[in-house]
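*Asks:* Sequence:
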Amino acid sequence: MIFFGAFVATLAALVFFAAFGSGSARGAADFAVANRQAGSWPVAGAIMGTLVGGASTIGTAQLAFLYGLSAWWFTLGAGLACLVLALLVAGPLRRAEVETIPQFLQRYYGGRAQAVASGFSALGMFIHIVAQLLAAGALLSSLFGCRPLVSAGMAVLLVAAVTLGGGMRAAGAVGLAKLLLLYLMMAGSGLLAWHLAGGWSGLRTSFAEGSWFSLFGYGVREGVSDLVSMLVGVLSTQIYLQAVFSARSAREASRGAMLSAVLIPPLGLFGIMVGLYMRQAHPEMDSVLALPDFFRLYLPPPLAGIGFATLLFAAVGTAAGLTLGVGTTLQVDLVGRLFRSSDRLRLLRLLTLAVLVAALLLLVANLGSAIMQWSFLSMGLRGATLCFPLLAAVCFGSRVSRRGGALSVFLAPSCVLLAGLAGWTFLPPLYLGLGVSLLALSIGFRPSRA
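If you use our numbering, the sequence shown corresponds to residues 1 to 450, in order.
Honestly, the hints are just simulated from the structure, not real lab data. There may be inaccurate statements among the hints.
[What the hints assert, rightly or not] Computed beta-carbon distance windows for the label pairs:
| # | residue 1 | residue 2 | range |
| --- | --- | --- | --- |
| 1 | 220 | 402 | 49 to 57 Å |
| 2 | 146 | 354 | 20 to 28 Å |
| 3 | 183 | 296 | 17 to 25 Å |
| 4 | 8 | 403 | 52 to 60 Å |
| 5 | 438 | 142 | 39 to 47 Å |
| 6 | 66 | 198 | 16 to 24 Å |
Think of the CB as a built atom: it goes at the ideal place given N, C-alpha and C, for glycine as much as any other residue.
All chains should be modelled from the sequences, with the hints used to inform the complete structure.
*Replies:* Right, dumping it as structure tokens:
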């Protein structure tokens, strides 16, 4: 009873703060980019509020249970990706005064490239939203014993409450609140797990054989692949760059990304400590339960309830950020170009709500399993569509080829879709798409200024 009381109270407080804590957005620019008034900490909060979700917590502990230190690749890669964002991309993008990535690409590759890029990237993010709703629904189902569709509906309502009120205006503050709770829970759990495991000597004794303390415990190729996927993913996802667009200056945008680069990797280490201890103490358990069961077995009921609420809100926050990114992309790059509306804020909210309703309809139609099978296409679609065209525009400016960029935006994600639907396994869809993108961009490229 104490556990559920703490769970409900914490979740209610987080949702209330997300919906009303920062006030309702006063206009479309406020909803989409916080009127470009965000400081470095709100920028960092918006980035981490979406980037730090179930994979950074439950997923890291699960992989540590199975493979050890190599579970660090997700959060380490996320930190390195934010470092690249801070040093290379954040400044030029903020100075461009745009709201979406395709809108930035339009300046170099044309309006058709903008429309195609927005369609493919929105589809990639949408697939990921459905996967996040399934994860949040599964956690709710396990806690309350309700049917999967009911729990998925509850997850959609939570995402709507977090997203529709303040939009990007609220995303920074909500992300920081979520990060604070995650740090308290993960740091406390990680240090407790370290103590229970007997410190370094206890872990060395329990894991003397194998490559438990190597970053490449499950293979060099796999580790490098995870790193590349994170780098590409952060640079190709609207909501992370939308946080950059919301900064009050290029300096604040870069500082916000740098804060994210510093704060994300330690969370992974705390999760690894929990995963290794649970492997040491409960080697027979289901690996996916490593972190939830640690909360349940080793924390007092009030703290366990707070921990479960934080894990659920982490998944909800990720889905909310992606939903906001899809809604903004559709409004700015597609619908807004076709239909002029005098009330952009209402249109933004309606499109964002429509994305959530469409996701729920897919779940109701029992297509959840199919979506999970397609989920590997999500990163491929976003990365192949946006990563290299964006980097080329930022690094080379007018030297890029308008025709080559447009071809890249169209051909690369098309190849990803074709490879995924055809079941080709000789090369991951993301790598195939990146290769095609690079080849297309080379067409007409000018090595030096004329």
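*Asks:* Evaluate each hint against the coordinates.
*Replies:* Here's how the hints hold up against the structure:
1. About 39 Å separates the C-beta atoms of residue 220 and residue 402, a value inconsistent with the hinted range of 49 to 57 Å.
2. The hinted window of 20 to 28 Å between residue 146 and residue 354 holds, with their beta carbons roughly 25 Å apart.
3. Separation of residue 183 from residue 296 is about 20 Å and conforms to the stated range, judged on CB atoms against 17 to 25 Å.
4. Between residue 8 and residue 403 the beta carbon distance is about 57 Å. The supplied range of 52 to 60 Å therefore holds.
5. Remark: the range hint 39 to 47 Å for residue 438 to residue 142 is upheld by a beta-carbon distance near 43 Å.
6. At roughly 21 Å, the beta carbons of residue 66 and residue 198 sit within the given window of 16 to 24 Å.
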